[in-house]
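If you read the protein sequences in the order shown, they are chains A and B.
Mind the numbering: the first sequence is residues 1 to 423 in our numbering, read in order.
Mind the numbering: the second sequence is residues 1 to 302 in our numbering, read in order.
Hints were generated in silico from the structure; no laboratory data involved.
Once the Cα atoms are required to be at most 16 Å apart in a straight line, the calculated EDC-like pairs of lysine to aspartate or glutamate come out as: (1) A:Lys321 <-> A:Asp106; (2) A:Lys73 <-> B:Asp241; (3) B:Lys156 <-> A:Glu237; (4) B:Lys64 <-> A:Glu421; (5) A:Lys175 <-> A:Glu237; (6) A:Lys349 <-> A:Asp113.
Partial pick of chain B residues on the chain A-facing surface, computed with a CB cut under 10 Å: (7) Gln158; (8) Tyr244; (9) Ser266; (10) Arg274.
Distance ranges between label pairs, derived from CB positions: (11) A:Lys52 <-> B:Val227: 50 to 58 Å; (12) B:Arg295 <-> A:Val403: 39 to 47 Å; (13) B:Asp241 <-> A:Glu50: 34 to 42 Å; (14) A:Asn274 <-> B:Asp68: 49 to 57 Å; (15) A:Glu43 <-> B:Leu289: 45 to 53 Å; (16) A:Asp54 <-> B:Ala32: 48 to 56 Å; (17) A:Glu237 <-> B:Gly110: 46 to 54 Å; (18) A:Ser404 <-> B:Ser150: 37 to 45 Å; (19) A:Glu50 <-> B:Ile30: 44 to 52 Å; (20) A:Phe210 <-> B:Ile117: 54 to 62 Å; (21) B:Ser33 <-> A:Val403: 43 to 51 Å.
No experiment lies behind these values; they were computed from the predicted model shown.
All residues carry an ideal CB built from backbone N, CA and C; glycine is no exception.
Spelled out, the chains give:
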Amino acid sequence: MFNKKSLLILTLVVLFVGVFALSTSAETIRMISMKQAGWTPEEYDQIIAEFKEDNPGVDVELTLVGYDALHDKLITSISGSNPAYDVILVDDIWYAQFAEAGWLLDVTDRVSDDMTQDVYDKAWEIVGYNDSLYGLPWLLDLEYFFYNEDMLNEAGIENPPTTWEEVVEQSKILKEQGIVEYPMVWSWAQIEALICDWVTLLKGNNGEFFDENNEPAFNNAEGVETLTWMKNTLDNELTNPASLSANEEEVRRIFSQGNAAFAINWVYMYELLNNPDESNIVGQTELALMPVFEDAKAEGIESASITGSMGFSVTKNSPNKDLAYELIEFMTSKDIQTRYADHVTPMYKSVMSQDEIIEMHPETFKMFDKQFPFIYSRPKVPYYTEVSRALQTSIQNALVGNVSPQEALDNAAEEVEKIQERW
Amino acid sequence: MNFIKNKITNKFEKSTNLLGWILVLPSFLIIASVVFYPIIRTMWLSFTNYSLAYPWRTQFIGIKNYIDFFTSFDFWATIGRTAYFTIVSTGIEIALGIAIAYLINLHLKGWKILRTIVIIPWAVPTVVNAIMWKWIYNAEYGALNGLLQSLNIIDKYQTWLSEPWTAMNLVILADVWKCTPFVILIVSAALATISEDLYEAADIDGANGFQTFRYITLPLLKPAIMVALVIRTVEAFKAFDIIYVLTRGGPANGTQIISYKAYLESFSFLNMGRGSALSFIVSVFILILSLVYIRLLYTEDV
Chain A
1 MFNKKSLLIL TLVVLFVGVF ALSTSAETIR MISMKQAGWT PEEYDQIIAE
51 FKEDNPGVDV ELTLVGYDAL HDKLITSISG SNPAYDVILV DDIWYAQFAE
101 AGWLLDVTDR VSDDMTQDVY DKAWEIVGYN DSLYGLPWLL DLEYFFYNED
151 MLNEAGIENP PTTWEEVVEQ SKILKEQGIV EYPMVWSWAQ IEALICDWVT
201 LLKGNNGEFF DENNEPAFNN AEGVETLTWM KNTLDNELTN PASLSANEEE
251 VRRIFSQGNA AFAINWVYMY ELLNNPDESN IVGQTELALM PVFEDAKAEG
301 IESASITGSM GFSVTKNSPN KDLAYELIEF MTSKDIQTRY ADHVTPMYKS
351 VMSQDEIIEM HPETFKMFDK QFPFIYSRPK VPYYTEVSRA LQTSIQNALV
401 GNVSPQEALD NAAEEVEKIQ ERW
Chain B
1 MNFIKNKITN KFEKSTNLLG WILVLPSFLI IASVVFYPII RTMWLSFTNY
51 SLAYPWRTQF IGIKNYIDFF TSFDFWATIG RTAYFTIVST GIEIALGIAI
101 AYLINLHLKG WKILRTIVII PWAVPTVVNA IMWKWIYNAE YGALNGLLQS
151 LNIIDKYQTW LSEPWTAMNL VILADVWKCT PFVILIVSAA LATISEDLYE
201 AADIDGANGF QTFRYITLPL LKPAIMVALV IRTVEAFKAF DIIYVLTRGG
251 PANGTQIISY KAYLESFSFL NMGRGSALSF IVSVFILILS LVYIRLLYTE
301 DV
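Bound conformation, chain B alone (with noise of 0.2 Å):
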């Protein structure tokens, strides 16, 4: 009998497996088409001279495009400003994020409009952004300077975006602006499931407004501050529109970041060969990132 029952549950296992497969195939297959193929086809180019332009001639050249890469002082430069790019407009965002949403949850009066309010940058999109934030800059009649101007800071326009260091960090403003709500969102939606008994208690003891934060807020914040510090910081790993639209990389290459590179190289000069290796260091990058934020997230326990 037991044999017999064994026959049928592991027919039926093996049936229902056949059944997962089949019916995990079709997206199966669009993801191998879309995300695979992609990544090992843009592997095999990194490892060619292929060029848009001379598609006949494409040799394999081994690693050449990385070691071209690699021995030139521009590509450093670029990790350089893409690392100042990620870190900076990140760790802004994750503080200013922090405490943004801190300050809504307190519930002051008028709470609920601050709330919409806030959330309007992360509706706007990019490149929008980016135009607007042009605009904003603008030497001659930016808002910026009118601002600044009328309040007695600086005492004739400057041209805000003339000069490589003022560039990057004007860039990083207008990143910020664009995406501290999506931490204010992470935040706030974390913070509302912490238990009033938890400040009751602490009220009770005797602890302060920063003590409080210090020991109940943040650390059960953790999670969701982890989590928002993961997505920005490969977004930011990745910028590209803001780029292209309001410094184009200038001046001097002073804004000019990996994924801007890896565009030029492949669609203004046609180097796929060279783009592609470019690309695949940013993929490369990124998942040891995300390897090290998700070994962070799913080992320390709360």
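Chain A on its own, in the form it takes in the complex (with noise of 0.2 Å):
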């Protein structure tokens, strides 16, 4: 009896364990990406499927989170010894801080001499750092600016603006015509899609962020007219307020609604701006390259816009390296990208030259080619996440009112010299 019952219980802890070691076992891959901007979760879904069937018996446990969450999850999964998560997906401006810190695999001898020479290198720029790569490059992002081409034809407005000077003549016109109450939208809330919006203006105004130094050049003459012509543009009633509290998401819904005729965002938004269940204006938007201000145009600055890249990295201490390289490289190969870039743009030179492709997403894709060699990238400091907080305050304040452009700038300024000085 006693024999049988104990035998019973060996069974038990046997099975017990048994099904624990299974469910952690070591074929299971986890993964944190982000919902909102790049491939939709049923995209995510089907690659993963694609994975799982040349990979038989690996499972790959997807996690989903908002961009604007995605930062302080990742901080709080993987910079302890034992990371909650393998692959993960890092932004541009994060690579410094994270790899800093040692979290992130260092991947430079892994990635294929194939993938080295056909990915452009402004792609491996993303995931560099110190002579080291830290992870692949998957979204090669930027801020493109998107028009409503009926709202213009409306009005009687022949060519999309070329300037931010036009942006506001133009806006003017589909004001008082009353086609829109608000011709423009922004993604201003205090989150970092602020700062991608004013660094574009920014460069665009041909200012800069940091100087030779890294000292903070923000607040000079060209940072100071940028913000006051944003500041303006909410004044006269041609930005729409709910800027002030929207991320990209928000724009898009805006946009999509047909509330709005000029707005910047990622490439994402464009594929849904011309899908009916997520759209009022399907068919109504083209991409225009993006403007700049007429003195820097006057200097020969044709366009401007900022590189919003991320990379897929895998973890430091993740117990199974290899495979989530593995997926990493999958996720990234050129075969994976040519085939879902609806909403992720191919960063392949081949395939980006290849013009049967180029058919598949004639608009995205050129604009891409026109684009890309006007992009700049925001800086890459370890600190980045604190100058950046600074900032969207400082910008927040000034265009809500609460103190002028020059004096909300120089207190960012100040502000980042005391967060280097802590470095």
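Fit the two chains together into the complex; they arrive one by one in their own frames, and the hints show the way.
The structure is reproduced here in structure tokens:
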């Protein structure tokens, strides 16, 4: 009797341990990515299914979060010696911080020669830090300039704007004719997207973020002019006041409702604006080269935009580094990038030069080709998130009218110097 | 004889003492490891420049983190906003809570339904509540805009969360909606214990409704109100999730209160030293508040 009982207990223990061991087997890759720009959740599912087909017995657990929650979620889940994810999505501006902290696997020696040569150099800059590569570039994205062609036609405007001054002029016409109440919409909430919009405008005014010594330069005349211009569009009711609490998704919703004529956003918005389930303005949107300010144009600057590129990385303490690397290699492969290109522009030179592939997404791919030479990056410093928050606060302080643009940017510069001192 | 008896009792007392200690030990160890250790560690970290990104560079820097905060405008602005949030939200919640509890206690027709409905917001998780209010306040298709426009109070849709002052008050509204039921619960329970005789006596003496409330109900409710006040103040002071979801401290830091700032320092900027200093300041504030309240609660007899 006693023996039977202990046998039963033993069996249960073995079963329990076995089930436990199976559920956390070395064959499960835990991945975190974002649900915003980039692939849609359905596309992720399809791609993961393909990977599982090629690698029987391997399971991929995917977590998707919004971009604005991703950074802090990563910090809390990968900073320990036992990371909660094997594969993580890292933004351009976080690589310095994460690489310094030693959370990412150095993949320099793993990258294939073919990939090294065929992927755009600018894409390698995303995942590189101090001469090492800490991931594989995945989303080579830029801010694009979107306009609603039907609205412009209705107002009798023939050509889309090429300078920000023209954007204001055309906005006034659209507003006066009652075609759209607030012609412009921006992502000016107190989040990173505000800095993306601002740096785009700053670069379009021939301004600089940091000078050559990495000291704040954004509070010089060009920076103040840019911020003043932003404030004026709000005061003149050309910019939707909801911009002050909008992220990129909010911009997309407002634009796709037909409540804006001009917006800047990442590439993913284009396809969704032409998707009847998501948009009221199917077939009305066009892309144009990102405008610049007239003064900068006179100096020969044709366009200026920024990259919002991201890469997939493997955590340094992941228990399945090799398999995790295989997954990121698969997701960034030429094949996947070519077949899933609705919301992610391929980063392979050989792909982007094939006419039949361009023909599948003519608008976005052609505009990528035109806009790509004019892109800038935000500073790649390990204390970037703190600098960005200081700037977000100051810019918003100026936009809501608490302080003047000059004062706001001077405050931010002072704050940034303190951050640099501490670091 | 007496001597022996004493000895036995002594021995017995000693052994019960020992037994007591042994029984308490496990929970003491747990509390020590999950409460005392983190507090002491946080205090220690707050005297260093520990950064998650550069743990090997950590140095002891004394009270520099505290000096940095106490001399910064942003810190005091944050404290001011935290105080405003705490005082206004707690104040409204207490006042509304008492009023609604009193209403329920009148046992008017349908009071049982009212009692059930009123508890629902309390059952909603804070994050869900915040997301719900985020949609209510949405500038393009929020319910608040829809309601106010159909009542002809506003002529066009407003962007509620784009102005710091408005945003702060709307965050308070969302918090009040969620937390008033808690006050109602506590006050209702206390109201139910007040004897009917007192009201009958007041009635016979010719007291009107207000006088009854002022001189009978309110004094008898005082202990319950104090309990609600303590718990709500402490919770409001360390409010975090509602800010995180609804506004992320924006616009222009207009809704950045101290716990959110501590979170930003620690988990966005990785400055664990500075984040710990802020958390420690929060703890000290709450400790002081609690001591004051406890004194008030236990020294004043009703």
